[in-house]
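**Q** What follows is the residue order along each chain.
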Amino acid sequence: MSIWEYANPKKFLATTEKVMPALWVSSAVLITVGLVWGFFFTPDDYRQGSTVKIIFLHVPSALMAINAWFMMLVTSLVWVIRRHHVSALAARAAAPVGVVMTVIALITGAIWGQPMWGTWWAWDPRLTSFLVLFLFYLGYIALWEAIDNPDTAADLTSILCLVGSVFAVLSRYAVNFWNQGLHQGASLSLDEKENVADAFSNPLYVCMAGFVLLFLALVFYRTGTEIRARRIKALMARERLEA
Amino acid sequence: MIALLLRDLKLAFRAGGGFGLGLAFFLIVTVMVPFSVGPQSDLLSKIAPGVLWLGALLACLLSLDRLLALDWEDGSLDLLATAPLPLESTVTIKALAHWITTGLPLVMAAPVLGVLLNLPVQGFQWLLISLLLGTPALSVIGTFGAALTVGLKRGGLLMSLLVMPLYVPTLIFGSEVARRGAEGMAVQTPMLLLAGISAASIALLPFASAAVLRVNLR
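If you're matching them up, the sequences are chains U and D in order.
Each residue of the first sequence is one higher than the one before, counting from 1 in the working numbering.
Each residue of the second sequence is one higher than the one before, counting from 244 in the working numbering.
A couple of the hints might just be wrong.
To be verified - Partner residues are not named here, just some residues of chain D that face chain U (Cβ under 10 Å, in silico):
(1) R250
(2) R309
(3) L371
(4) I372
(5) T392
(6) K396
(7) L405
(8) M407
(9) P412
(10) T413
(11) E419
(12) A443
(13) I445
(14) V455
(15) N459
Honestly, the hints are just simulated from the structure, not real lab data.
For every residue, glycine included, the Cβ atom is placed at its ideal position computed from N, Cα and C.
So that you can see chain D by itself, here it is in the shape it has in the complex (with noise of 0.2 Å):
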């Protein structure tokens, strides 16, 4: 498992693996947003944990489909698929290596960006915490979805449209802890709905991402 995620983290980070895109990504539409609503800068501290949120979600999305499509390309994800180890392993350790290369740098990332938008300093916390807590979430439903189109050729459009609404309640909890947080309200419970959310993905979704990955290497 540990080989498997090393190789994964090294395939990323190396050149080609498109490491870093995601972040490029998250930073270019976050500096978009000025230039649609406009520059007053109490709007946009209003909108920063929504904008910031959602930019995250976008980031994520995009980097989906590497997730698998590089290995069913060159056939190791056959490979892996008869390797002792379960399939179910091997899905969790892809959507881990797809958090830590995609979900911990947009997590990193997001408080400067923050600065940016004009977010409320005692937001900043909160946006850290609910990022870190969510973008697990958005690994997990998303590795589902990648596994769902893996096998077809114009996969991507088709993997936002299942994706998306599967993001729907991680947004919301999300956003709603960081705009809470924001405007200095208590953030407790939807931060443990977040934590919630996340937790049943991680302890779930790997069953059914392995389940359709069966499927589609049959």
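Looking at chain U on its own, in the form it has when it is part of the complex (with noise of 0.2 Å):
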């Protein structure tokens, strides 16, 4: 039993189908739970008022912006190391999701700061660095989407991630040098004593878990449909090789 395995679409099929249904009935309920009880049953923050509870999206929807282009790094590599076709299908499922995602944590985010900061945009290093970030999944997925063959892509856009992905965490760095941050800190870190109160924390935990198994379910469900286009068109190329 090894994860290579799942390298064979025949086997991730069958296998993600397989778990599909509790990943989304496991991710809705989460999510659900969550924001209610975060919307619900959290008290106001006695600075922020009501509007704090916008973090239940804000801080998972982050977190899988760049978790996902994460996760299509690893799969880029996967795909130039072992030429996993599987692998390289995920990467490109994953990036619409993870640009949705920054998007998400972009207007959040805008939406919150226009009352507490009394603006809806700063050029604060973690605003503009999730901008590039945007810029980056933009042009992925372009290249993804101007490339015929479908090998060509895959090898393209696996290389542009891997350069990119060097070049977004040195931009990342650069907007720190460049401008003083009106973003807080992270709200949850393993190693501060300071993180947001239980009364936050929990509700957002539960949030960030139903964002994670949200996000496997699309990507899994993205890749099936990818392997699945793939073979119509293999099939069809094979009718007109018979016709």
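With the hints as a guide, dock the two chains, each given alone in a separate frame, to form the complex.
**A** In structure tokens:
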């Protein structure tokens, strides 16, 4: 039993189809519970009032926006090294999900920033690096769409993803240098004493878990669609040959 | 290698090579800026370093699609790929030729355009130094973008979309050096970081460019 078994598209489809209903249901339940708990059963913050509750959408989506790119980086590496098609297709499937997460994080941040910072947008390092991440996603998706040959596209986008990751990290630290931040530090981290109060962090964990599962479900679903689309293409090509 | 460099330079300098177009673009962008933001000289001198850096970056970007596309069309890129010279060296030479024909003239022209934008006197040397350190990175990163999109019919716009985010760190540090220099502040930290980005790009990116070029030539 090794993870490479799932490089076989048939095995991948069979397994994901088994776990997918569980993923959908559990992510829906977790997100619903987390959001209801977060929105209706947590106290208002004494300074931020009820605006603080947007954290239950903002933090999980930001988390997934970054980790979706990280997943694409890993699957691109797997494609470059071991040339498993499922891996390349998974990277392709994750990109639109990641870009939506980035947009959600940017928009919820803007909605929160307007009453709290008095501005929809500031050229703060975190905000700016998220915008740059958004641009990287756009370029990556556009390159996938522009190339007809699937193998060429997989090769080129995976190398773009590797190079882009390096430059995305560089940009993250470059913007730190360029402007002082408005954004607060990380809401949750393992090594810090002062985190968000428990009343907020517990529903936040639930929402984050829900978003992770939702992301997995979406990526599995989209990868399955890509595999089937490629099969249809192959079948049609074979029929055209025989006819 | 030298023969290839000379060939690229000759092709660029002679008629139809498009040499000087980037320079003209840089000039026209800089001239348009006062029309759009107004002629107040204190405002212009404040934004001059950033505007000049952005203009140089755009001029560099515009000239990228000629970098490999012409050789791709007439097939000489295939010959270069099968030549004994490693493809990594070929793309490095291509980037060097691009820098000599585009980056270097931009560096030379920047101080003249700085006069137009009322750049403070102490800013000139730092503008020159920052561009001199930064434009090689722009050429090398641009070569990667050009190699990615070389096989595409309408790759120009896509290439801008791909290359611009990669230019972000270079632009930040480069214009930071020029801005700090113009305001008379210490420039050492961003200058070292800029030089670091250039050095690392020159050392590492040709491998990525050669890899995507191989894929595109397959």
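**Q** Minimum Cβ distance from D:I445 to chain U below 10 Å?
**A** Violated: closest Cβ of chain U sits about 14 Å from D:I445, beyond 10 Å.
**Q** May I ask you to test the interface hint for D:K396 with respect to chain U, counting a Cβ-Cβ separation under 10 Å as satisfied?
**A** holds (9 Å)
**Q** Against chain U, with CB atoms and a cut of 10 Å, does the hint on D:M407 hold up?
**A** With a closest approach of 7 Å, the D:M407 hint holds.
**Q** Mind checking the CB of D:T392 against every CB in chain U and telling me if the closest is under 10 Å?
**A** holds (8 Å)
**Q** Go through the hint on D:L371 and say holds or violated, using the shortest Cβ distance to chain U against 10 Å.
**A** Violated: closest Cβ of chain U sits about 21 Å from D:L371, beyond 10 Å.
**Q** Tell me if the interface restraint on D:A443 is satisfied: Cβ within less than 10 Å of some Cβ in chain U.
**A** holds (9 Å)
**Q** Checking hints one by one. Is D:I372 an interface residue toward chain U, by the C-beta closer than 10 Å rule?
**A** With a closest approach of 18 Å, the D:I372 hint is violated.
**Q** At a threshold of 10 Å, is the proposed contact between D:N459 and chain U supported by beta-carbon distances?
**A** Holds. Min distance 7 Å.
**Q** Going by Cβ atoms only, is D:L405 closer than 10 Å to chain U?
**A** holds (4 Å)
**Q** Would the hint on D:E419 be counted as holding, given a Cβ-Cβ threshold of 10 Å to chain U?
**A** holds (6 Å)
**Q** Against chain U, is D:V455 within 10 Å by beta-carbon distance?
**A** For D:V455, the interface hint holds, since the closest Cβ of chain U sits about 5 Å away, which is under 10 Å.
**Q** Quick check on D:T413 please, does its C-beta sit within 10 Å of some C-beta on chain U?
**A** holds (9 Å)
The earlier numbered hints that this structure contradicts are 1, 2, 3, 4 and 13.
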